[in-house]
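As a plain string of letters, each chain reads:
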Amino acid sequence: MKTEADYYALFDAYRAGTLPDDERTTLERRLAADPELAQRLQEFEELTGTLTAYGRRLALRRKLHAIHADMDAEQAVRLTPLAKIAEEDERHERFASGQAPRPMLRISRTEEKLRAFWNGHRATMMVAASVAIMAVFATLLGLEWWRASQKPSLYGYTVLRREVERIKRTQRSMNRTLNQIEAQPERSNPGKFSGTGFALTADGYLVTSYHVIQGADSLLIEGRDRQRFRAEPVFTDVAHDLAILQIKDKTFKGFGRLPYSFKRGQSDLGEKVYTLGYPREDLVFNDGSLSARSGFEGDTGFYQISIPVNPGNSGGPLLDDKGNLIGIISGRQMDVQSAAFATKSSYLMRLVDSLGAAGAGQSYNLPRTNQLAGTSRPQQIRKLQDYVFVVKVYE
Amino acid sequence: MGKGQPTYTDEEFVAAIRRDDDRALAQLYRLHFPMISHYVLQNSGTEDEAKDVYQEGVMVFYEKVREGSLELSCQIKTYLYAVCRRLWLKRLTEKTRYGGRLDDHEPYLETGAEADLEVAEERDRQLGTMSQALERIGEPCRSLLEGFYLLDKSMQQLTAEFGYTNADNAKNQKYKCLVRLKKLFFSQYQEHET
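From first to last, the protein sequence lines are chains P and D.
Counting with this note's numbering, you get residues 1 to 395 for the letters of the first sequence.
Counting with this note's numbering, you get residues 1 to 194 for the letters of the second sequence.
I should point out that these hints are in silico values taken from the structure, not numbers from a laboratory.
Glycine included, each C-beta is placed from N, C-alpha and C at the ideal position.
Don't take every hint at face value.
As the list claims (entries may be wrong) - Only pairs whose alpha carbons sit at most 25 Å apart, straight line, appear in this in silico DSS-like list of lysine-lysine: (1) K77(D) to K113(P); (2) K63(P) to K171(D); (3) K113(P) to K95(D); (4) K383(P) to K272(P).
Unchecked claim - Just so you have them, the derived chain P footprint on chain D, three or more residues with Cβ under 8 Å: (5) 25–33; (6) 52–62; (7) 115–129; (8) 150–161; (9) 168–182.
Just need the whole structure built from these sequences, with the hints factored in.
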């Protein structure tokens with residue numbers, strides 16, 4: 001009985017062609033008859049075949065490595081012949097003199113690594129950089145926008161003119177398109193901003209805040225009784241946030257006698273004060289105290305008052321208990337609890353006086369008597385409410 | 001390129017490699033390496049990775065030529081590019097969860113390289129198994145078989161090297177080693193297959 005190794009010797013000789021003719025024919029006959037033997041031969045061939053192929057693969061790999069190494073060496077010589085020569089020189093020199101080595105004209109290992117890193121991650125880094133830049137600009141723009149929306153005023157604090165809600169407008173225009181069949185008469189639009197104003201004289205002068213009418217194309221005054229008048233600014237005082245308007249409508253017959261008077265002096269701390277205004281579609285009352293005799297950042301043209309005011313309150317009258325008008329609501333400070341500011345009435349008086357002195361044919365007949373003194377607050381307000389108006393601003 | 005070296009056309013390259021002309025192989029290797037190196041570096045690879053990928057690609061090409069089974073329907077350059085591109089793509093997906101696009105700077109054509117690569121991969125697996133089997137077979141079988149099959153030493157040389165009394169002894173030893181290798185090789189190879 002032959003061992004497997006014996007068969008392998010036989011196969012080897014058979015493949016090498018060194019088998020005598022008679023043995024070869026016997027083997028071939030047996031291979032044809034015995035599938036197990038044929039299988040064995042096949043395995044032998046696969047094994048030796050793979051071995052040889054493996055050998056060739058290794059040889060080829062060595063060859064390619066050698067070629068590549070050659071190539072690298074050539075390139076190194078081509079790229080840095082000067083550096084090489086310098087290095088050689090230096091080595092000789094160093095041997096001769098024992099000096100410290102000179103810096104070499106060669107790309108350092110770290111730089112090589114950095115370059116490889118750059119090559120590998122360039123795309124990613126570009127993307128990251130552009131995202132960062134976008135983020136920075138978006139933040140800056142956003143901040144700028146936010147600040148602009150927070151502080152639209154010249155005065156450093158939040159002025160209180162009201163932006164009439166956009167939703168309402170779109171809803172209205174939607175309704176209008178839906179009801180187009182009814183062909184309603186064209187209604188005037190509700191205006192972009194609104195504030196509050198009050199009568200200065202009986203013959204049609206009004207006072208409001210400058211920032212309410214800032215940038216206005218046309219102004220509309222609307223009273224409690226929904227009566228509308230067209231008005232025009234006659235004078236503005238930007239520094240004290242004051243504006244004087246005059247009603248230009250021909251149908252306007254005058255307000256009648258004003259129930260309040262204007263205080264020329266300063267009011268005292270702790271005085272009970274209140275205001276009326278149009279932060280909504282309806283007249284709103286609010287009260288509080290006079291908390292400081294200077295305004296934002298120590299501005300002596302203003303009072304600080306502890307009245308909760310809202311956008312739309314701007315330009316409203318500030319009255320004390322006796323029904324004297326002592327100020328005009330201007331704005332509030334966002335980061336301080338209930339700190340609102342009102343222009344002092346003394347400044348309004350000074351403005352009116354100087355305008356009267358300048359002449360120009362107009363005279364301001366300010367009310368001299370006060371009908372409010374001594375009456376209760378609801379009574380005061382009942383009298384007052386006809387002299388406080390919504391100022392609508394169209395841009 | 002080379003100074004004073006002969007330049008080959010694609011057909012001459014194939015013929016020369018079939019003749020086992022090492023100079024032609026070296027020439028071919030040098031000719032196309034910059035292209036692949038550029039490609040790999042462009043696509044977030046390193047110089048070393050470019051070298052590996054290129055060598056693998058050249059090996060596929062070389063073995064196809066040596067087998068005589070190469071049906072070159074395009075330039076060698078395009079073929080190599082296709083093979084290396086495929087190899088690099090595979091490496092990238094293995095290396096990272098790279099889902100990006102590859103920047104091509106050569107026209108990418110259907111070259112049959114894909115099919116060739118599958119054959120080559122199967123072969124790689126086979127050779128890998130062989131390498132493992134050789135690792136595990138132990139001495140002196142390993143040196144003997146490596147000497148005979150991988151380093152092309154003659155039986156006489158090996159007899160002298162291993163101190164056998166005559167060539168027949170050495171041969172017998174070789175056959176015994178082959179039987180052992182066979183067992184290791186086929187058991188592992190089948191293990192892989194299932």
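These are the hints, each one checked on the structure:
| no. | hint | verdict |
| --- | --- | --- |
| 1 | K77(D) to K113(P) | 30 Å, violated |
| 2 | K63(P) to K171(D) | 30 Å, violated |
| 3 | K113(P) to K95(D) | 19 Å, holds |
| 4 | K383(P) to K272(P) | 19 Å, holds |
| 5 | 25–33 | holds (count 5) |
| 6 | 52–62 | holds (count 4) |
| 7 | 115–129 | holds (count 3) |
| 8 | 150–161 | holds (count 3) |
| 9 | 168–182 | holds (count 8) |
When the structure is compared with the earlier hints, violations turn up for hints 1 and 2 and for no others.
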